[in-house]
Amino acid sequence: MAFNLDSKIPSGPLETKWKDYKDHMKRVNPANKRKFTVIVVGTGLAGGSAAATLAELGYNVLSFCIQDSPRRAHSIAAQGGINAAKNYPNDGDSVYNLFYDTIKGGDYRAREANVYRLAEVSNNIIDQMVAQGVPFAREYGGYLDNRSFGGAQVSRTFYARGQTGQQLLLGAYSGMMKMVAKGKIKQFNRREMMDLVVVNGKARGIIVRNLITGELERYAADAVLLCTGGYGNVFYLSTNAQVSNGSAAWRCHKRGAGFANPCYTQIHPTCIPVHGDYQSKLTLMSESLRNDGRVWVPKKENETRKPSDIPDEDRDYYLERVYPSFGNLAPRDVSSRQAKFRCDEGKGVGSTKRAVYLDFRDAIKRDGKSTIEGKYGNLFEMYERITADDPYTTPMMIYPAVHYTMGGLWVDYNLQSTIPGLHVLGEANFSDHGANRLGASALMQGLADGYFVIPATLSHYLASTPLEKVTIEDNAFKDAEQAVMLQTSKILGIKGQKTVSDIHKELGHVMWEKVGMSRNEAGLKEAINEIRKIREEFWHNVNVPGDTGNFNLELHKATRVADYLELGELMALDALERQESCGGHFREEYQTPDNEAKRDDENFTHAAVWEYTGQNSSPIRHKEELVFENVQLATRSYK
Amino acid sequence: MASTENMALNLKIWRQKNCSSEGKLVDYRVENVSPEQSFLEMIDVLNEQLVRKGEDPIAFDHDCREGICGMCSMVIDGKAHGGFKNTTTCQVHMRLYKDGDTIVIEPFRASAFPVIKDLTVDRTSIDKVMAAGGYVSANTGNAPDGNAIPIPKPVADEAMDAAACIGCGACVASCPNGSGMLFMSAKISQLALLPQGKPEAPRRALNMVYTHDSLGFGNCSTHGECEATCPKGISIEHISRTNREYVKAAFTYHEKKNAGGAS
Chain E
1 MAFNLDSKIP
11 SGPLETKWKD
21 YKDHMKRVNP
31 ANKRKFTVIV
41 VGTGLAGGSA
51 AATLAELGYN
61 VLSFCIQDSP
71 RRAHSIAAQG
81 GINAAKNYPN
91 DGDSVYNLFY
101 DTIKGGDYRA
111 REANVYRLAE
121 VSNNIIDQMV
131 AQGVPFAREY
141 GGYLDNRSFG
151 GAQVSRTFYA
161 RGQTGQQLLL
171 GAYSGMMKMV
181 AKGKIKQFNR
191 REMMDLVVVN
201 GKARGIIVRN
211 LITGELERYA
221 ADAVLLCTGG
231 YGNVFYLSTN
241 AQVSNGSAAW
251 RCHKRGAGFA
261 NPCYTQIHPT
271 CIPVHGDYQS
281 KLTLMSESLR
291 NDGRVWVPKK
301 ENETRKPSDI
311 PDEDRDYYLE
321 RVYPSFGNLA
331 PRDVSSRQAK
341 FRCDEGKGVG
351 STKRAVYLDF
361 RDAIKRDGKS
371 TIEGKYGNLF
381 EMYERITADD
391 PYTTPMMIYP
401 AVHYTMGGLW
411 VDYNLQSTIP
421 GLHVLGEANF
431 SDHGANRLGA
441 SALMQGLADG
451 YFVIPATLSH
461 YLASTPLEKV
471 TIEDNAFKDA
481 EQAVMLQTSK
491 ILGIKGQKTV
501 SDIHKELGHV
511 MWEKVGMSRN
521 EAGLKEAINE
531 IRKIREEFWH
541 NVNVPGDTGN
551 FNLELHKATR
561 VADYLELGEL
571 MALDALERQE
581 SCGGHFREEY
591 QTPDNEAKRD
601 DENFTHAAVW
611 EYTGQNSSPI
621 RHKEELVFEN
631 VQLATRSYK
Chain D
1 MASTENMALN
11 LKIWRQKNCS
21 SEGKLVDYRV
31 ENVSPEQSFL
41 EMIDVLNEQL
51 VRKGEDPIAF
61 DHDCREGICG
71 MCSMVIDGKA
81 HGGFKNTTTC
91 QVHMRLYKDG
101 DTIVIEPFRA
111 SAFPVIKDLT
121 VDRTSIDKVM
131 AAGGYVSANT
141 GNAPDGNAIP
151 IPKPVADEAM
161 DAAACIGCGA
171 CVASCPNGSG
181 MLFMSAKISQ
191 LALLPQGKPE
201 APRRALNMVY
211 THDSLGFGNC
221 STHGECEATC
231 PKGISIEHIS
241 RTNREYVKAA
251 FTYHEKKNAG
261 GAS
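As they're listed, the protein sequences go chains E and D. The C-terminal position of the first sequence is numbered 639 in this note's numbering, with every residue numbered one higher than the one before it. The C-terminal position of the second sequence is numbered 263 in this note's numbering, with every residue numbered one higher than the one before it.
Here chain D stands alone, though its shape is the one from the complex (with noise of 0.2 Å):
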C-alpha cells in the first residue's frame, strides 16, 4: 500500500474556535503531497495554504517531530495517533496513505480533555495524576552512590519498559471509558518495580488512583484499546499490577495523623 507518487487528498478537520463554541468537520483538499512528508509536514503546507488566503491556520499540538514528546495527538480516521503501531502523529509519514484518500482528522476527545482550539486540548490533568504521587520522594543531595542498590537486568528493564510512556493521552482518547489507568499504570507501575520506589508504593497507588478519579478519567473495563493504540506499546499489564498495588495498600496502609518527620 506503500505511496511512492505524489498524491491528492481529501481531509475532513475538525475546526473549533473555542472550549465554550460548537465544533464542525471542514473539507480541505490538499494536492502534491510526498510520500516523503510526514502527516503534520502535511497539515504544514495546508495551514501556509490557509493563511495566505488570510484564513486561521488549523491549531494542532506539535513540538519534537521524533515521536518522545508526547506534545503531538490528533484521533485521524477514528484512531489516536492514527492507529499505526508504536507511532505518534508526527511519525506517521504520507507513503502509508494513496492518492485520493479521504482522512478525518479530530481532537483527542475526553472528558478529562477539554478541547482548547480546533485539534489542540487541555492536556493538564495528566500534570495533576503526576503530581498526586508519579515521583520518588528523593530530594537533591540525598542520594547514596547509584551502584549502592543492584537492580536485576529484567527489572530495570520492565521498570524501563513502563517508563517509556510519553504522557500524551492516546490510551484515554481510545479507551471508551476516557480512563487514564495505562499512562498512570505506567507510572506506579515503574516505581513499584524499582527498590527506590518501594518505600512510597502503597500510598503512591492510594493518592494517584484516588486523583485520577476525581479528574473526571474513567474507569478501566480492561477494554484493552489503550495498548493497542499506544506509540510506545506500553503494556495493560502494568495496570494488572496497578490494581494488585492498590488493593494491597488499601488494606494494609495507614498513615498515622501527626506522627511527624515528612513535610
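Looking at chain E on its own, in the form it has when it is part of the complex (with noise of 0.2 Å):
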C-alpha cells in the first residue's frame, strides 16, 4: 500500500491559509448535519470540545470514554496553565511570537501551517473558556491573570491555580452534558475501543468492550474521531493516569494509519522521584513552580549536609548557569538532560542520588509565605502528602519522569490520517508540538483540534465524500469483532507464570533505560531485542484469570500491554532511525561539545511516518518532508 502522506496545507501565506481555507472549504447543509453520524472515543480537552461542539452543530455524536464518567478523562490531571497570544500583560506577544516559540520550542519538527493556526486559534479557546464559566485567575481589576511557562519569554499562560486541566476539562464536560441532554450525544462509558472498522477504505465504525459485562459491542458511523491521549504507559511508570493507553491509536495504525515520529517522547523535569518497586505512577509538579523555584544540585559529590545546610556558594543552580537568559525556565527537555547529567556525574540527592532539588527559600523570602501558598498551595500539598516533606521549609526534590507523547498517529492539516474518514485529535496525532512540547501548549492544542478545527474540517470531509450505508452486520464489522474475540481468548487461554504488571515493569524498564532520555545505537538495538523476548514471553507465559464474562480487570490490562509490546518496538526502532538529536529525541552520539541537542537539517527534517506490514514483516518508513517558508531553521539555544 503506497502512503498518500499529502499534508494538504493550503496555499498562501501563512497569515491567511486558515481563513481561505474556512472560506472555500464544502460545508454540510444545517438540516443535513443531523443525517450524519459520528463516533468520538476519548473525552479529554479534545474530545470533550469536539463532541459538543459537533453536537452543537446538529451531527449525531457517539462518545466513548474508558472511565466511568466523561469528566474523568487525563486531562483533568493538566496542572498548570494553557497558552493564547492574547497579549493582555503587554509584554509585546502575538500570534506570531506564540506560534514562533511553538516551532522553535519543537526543535523545528512541526509543519509550520498547522502551528500557526494553533496560535491563531489560541485566543478563541481562552474566550469560550470564559464564556463557558471557567473561573480563571483573575487580578483584583476583575481581569485574567497570566503567568511564565518555559521556553517563552513573555506571560501568556492562563490558568487556574494549580487544576487548570480539571477545570477545562469540567467545561468541555459540561458542554457535553449539555447535548446530551438534548439527545445529540450518546454517551457509553466503560467501554475501551479495541478495533476500527474500516469498510471500503473509509473509517466507518469502531469495535469496543464493554468494561463491565465483557462484551464486543460494534458501532457504525459516517466518520471517527480518534482522541484517545498519548502512549507514555509504554514506560510502566509516567505521569500518565493509569487507563490512559495507546490500544485505541496502535489498532487504527494495524488497520493503515500511519504512525509519526513515534520516538518524541516528552520526559518532564519536575516529577516527584521513584521511591519503591511497587509504584504505581509517577507524580507531576507543575512546570510553574519553575516561576518561582530554584533548581539546584550540591556542587560537591555525595555531599552528606542538609540542604538548608549547604551555603549558596556550595550550591550549583546549574540552569541559571547554563541558560543565563531562560533561567529556570529553559524548556522541558532541556532541564530534563540537564538533570540527568547532574545525577550521571554523582551531584544527585537523596537516598537514591537520582534526584535534584527545587528551591523555594528564595522566593519565600522575597514575596513571603503567604504569596507562595497563593500561587502553589495545592501543588505544595500534594507534594507533601507523598514525600512527608515539607517544602515551605526544605526544598522538594524531583526527577524528571514520562509525562507526553509528542508523536502519534499522522494527519494532514484536515487532522486526518491516512486513512480516510478517520480523524485524530488532541495528543494522540503527532502535529503541532514537533520534538518537544512547550507547558501550557497541550491543553490549548487539545481545544483547538476539538473546538475550531474539527468542526469545519469534519464538514468537509463529510461534505465531499461519497459514503455508502454501512451497518454494523456488515462483514467488515463481523470480522473486526472476530479478531478481538481470537486474541482475547488467545490471551485467556495462556494461563502462564507471570502477571500482565510483572511482563509490562519488565517491558518499562528497558525503555526507560535505552529508549529513554538519552539513546545510543546499541542501547537501542540491545533494546529492540529485549523487546522482541519480552513479547514472546507475554505470548507463552502471561496468566490471566478469569474471563471474558465479567469485569476482568487483568484482560483490560494484557490487552494493552500486548499492544505496548509491539508499539515499544518500534519507538525504538524509530529513535534508531533518526540519527540526529532533537527535542525530547537525545541520541548520545549526536551531540554539541556543551552537550545540546545536534540536529540535522539536511537528512533529517522531515516527520517518519511508519506503516505498518504485518506480524512478521518490518514496518516501512516513509517521509513528510517539513518545508520551513517562514522561520530560518537555527540552532534552538536557551543561553
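Just so you know, the hints here were simulated from the structure itself, not pulled from any lab data. All figures in this text were calculated on a predicted structure; none of them were measured in a lab. Watch out, some of these pointers could steer you wrong.
Unchecked claim - Below, computed lysine to aspartate or glutamate pairings styled on DMTMM-like, alpha-carbon distance capped at 20 Å: (1) E:K498 with D:E22; (2) E:K498 with D:D56; (3) D:K153 with E:D127; (4) E:K495 with D:E55; (5) D:K53 with E:D502; (6) E:K490 with D:D56.
Put the two chains together into one complex; each comes in its own frame, and the hints tell you how they fit.
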C-alpha cells in the first residue's frame, strides 16, 4: 500500500491559510447535519470539545470513554495552564510570537501551517472557556491573570490555580452534558476501543469492549474521531493515569493509519522521584513552580549535609548557570537532560541519588509565604502528602519522568489520518509539537483541535466524500469483532506464570533505560531484541485469570500491554533510524561539545511516518518533508 | 503515629460478584507494606498476589492516582476516602497506618450508586444531574473577549472553590440520607456566582434539584458530614446558596411555552 502523505496545507501566506481554508471549504447544510453520525473516542479536552461542538452543530455524536464518566479523562490532571497569544500583559506577545516559540520549542520538527493555526485560535479558546464559566485566575481589577511557562519570554499562560486542566475539562464536559441532555450526544461509559472498522477504505466504525459485561459491541458512523491521548504508559511508570493507553491508536495503525515520530517522548523535568518497585505512577509537580523555584544540586559529589545547611557558594544552580537568559524556565527537554547529567556526575540528591532540588527559599524570602501559598498551595500540599516533606521549609526533590508523547498518528492539515474518515485529535496525533512540547501547549492543542479545527475540516470531509450505507451487520464489522475475540481467547488461554504487571514492568525498564532520556545505537538495538523477547514471553507465559464474561481488569490490562510490546519496538526503531538529536529525542552520538542536541537538518527535516506491514514483516518508514517558508532553521538556544 | 518501618496489615474487603449478587467482607493479610506506599499500591500488591494464585483480583476504581480525576472511591474504616482531611483514597499513604492494624474496606454505599463489583460502584447518576443544567449554554463560537466582563477576584476565587469539586461522590457516600446536595450545589453555586452563569441560574437550580431528587439521592438535612469528608474541602455554604437560588427561582422563574428562540 502506498501511503499518501499529502499534508494538504492550503496555499497562500501563512497568516491567511486558515481563513482561506474556511472561506473555500465544503459545507454540510444545517438541515443535513442531522443525517450524519460521528464517533468520538475519548472525552478529554480534544474529544470532549469536539463532541460538544459537533453536537451543537447538529451532527449525531456517539461518544465513548474508558472511565465511568467523561469527566475523568486524564486532561483533568493537567496542572499549570493554557497558552494564548492575548498579549493582555502588554509584553509584546502576538500570534506570530506564540507560533514562533512553539516551532522553536519543538526543535523545528513540526509543520508551520498547523502551528500557526494553533496560535491563531488560541485566543478563541480562552474566550470560549470564560463564556462557559471556567473560573480562571483574575487580578483585583477583575481581568484575567497570566503567568510564565518554559520556553517563552512572555507571560501568556492562563491558569486556574494548579488545576487548569481540571477546569478546562469540566468546561468541555459541561458542554457535552448539555448536548447529552438534548439527545445529540449518546454517551457510552466504561467502553474501551478494541478495533477500527474500515469499509471500502474509509473508517466507518469501531469495536469496543464493554468493560463491565466483557461483551464486544459494534458501532457504525460516517466518520471516526480518535481522541485517545498519548502512549506514555509504555514506560510503565509515567505521569499518565492508569488507564491512559496507546491501544486505540495502535489498532488504527494496524488498520492502515501511519504512525508518525513514535520516538518523540516528553520527559518532564519536575516529578516526584521513584521510590520503590511497588510504585504505580509518578506524580508531576507543575512546571509553573519553576516561575519561583530555583533548581540546584550540591557542587560536591556525595554531599551529606541537609539542603538548608548548604550555603549558596556550595550550590550549583545549573539551569541559571547554563542558560542565563531562560534560567529555571528552560524548556522541558533541556531541563530534564541537565538534571540527568548532574545525577550522572554523582551530584544527585536523596536516597537514590537520582533527584535534584527545587527550592523556594528565596521566593518565600522575597514574596512571603502567603504569596507562594496562594500560587502553589495545592501543589505543595500534594508534594507533602506523598513525601512527608514540607516544601516551605525544605526544598522539593524532583526528577524527570515520562509525561507526554509528541509522536502519534500522522494527520494532514484536516487532522485526517492516512485512513480517510479517521481523524485524530489532541495528544493522539503527531502534528503540532514537533520533537518537544512546550508547557501549557497541550491544553491549547486539544481544545484547538476539538473546538475550532475539526468542526470545519470534518464538514469538508463529509460534504465532499461519497459515503455508502453501512450497518454493523456488514462483514467488516463481523471480521473485526472476530479478530478481537480471537486475541482475547488466546490471552486467556495462556495461563502462564507471570502477571501482566510483571511483564509491563520489564518492558518499562527497557524503555526507560534504553529508549528514554538519552539513547544510542547500541542501546536501541539491544532494546529491540529485548522487547521482542519480552513479547515472546508475554504470549507464552502471561497469566490472566477469569474469563470475558465479567469485569475482568487483568484482561483489560493485558490487551493494552500486548500493544505496548509492539509499539515499544517501533519507538526504539524510530529512535534508531533518526540519526540526529532533536527536542526530546537525544542521541548521544549527535551532540554539541556542550551537550546540547545536534540536529541534522539536511537529512532529518521530516516527519517519519511508519506503515504497518503485518505481524512478521518489518514496518516501512515513509517521510513527510517539512517545509519551512517563514521560519529560519536555527540552532535552538536558550542561553 | 506515622510509621517508618514496613508493616503487616489485616484487611477486611467487601467482595461482591455483581450488582445482583450478595456481597460479604473477606479477610486478607498483606505483609511487608512500605510506609511510602500509597493505599492503592498496597491493594495493587494484594491483587498481584491473588492473580498469582489464579484468583479474581479485587475490582476497584482508580485512575489518575493524584487526587484530581475523582475516579477512586472506597469507604475505609467507615469513612469515604478514609476520612483524612482533603484527601482522596489514592492520596492516602500507608505511613498513616501502623503494623498490625486491621482496615475495613467497603464500596461507596448509596441508593444512587449501585455496586458493579467489589469496590466499584456505578456513579452515572452524577452525570445525569450535571446534564440537567450543570453548564452555561454558550455554544462554541459565541464567546466575547475573555476580558469583556471583569469579574471581581473574590468572586472568581469563590467560584473556583466550588469548581474544585472532583465529582467523586464521597459526599453522597458519607451522607446519612445519601444526598448529592454538596456536589450538585458546588456546580450551581459556581455558575450562579459568575456573570456568565447568571442568565440560566434559575432554570439550572430548578432542573438540577428536580433531577437530583428523582434519581434516588436523598435530601439534605444539614448534617455536615459531606463537608467533613469532601477531599476538596467544598463548603456547605454552597448548599445554602443553592437553597437561595432554588427558592428564588421557584417563586420568580417562569418559562412561557412556545416562546421560541431556545432549542
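| task | Could you check the structure against the hints above and give me the numbers of any it violates, in ascending order? | result | 1
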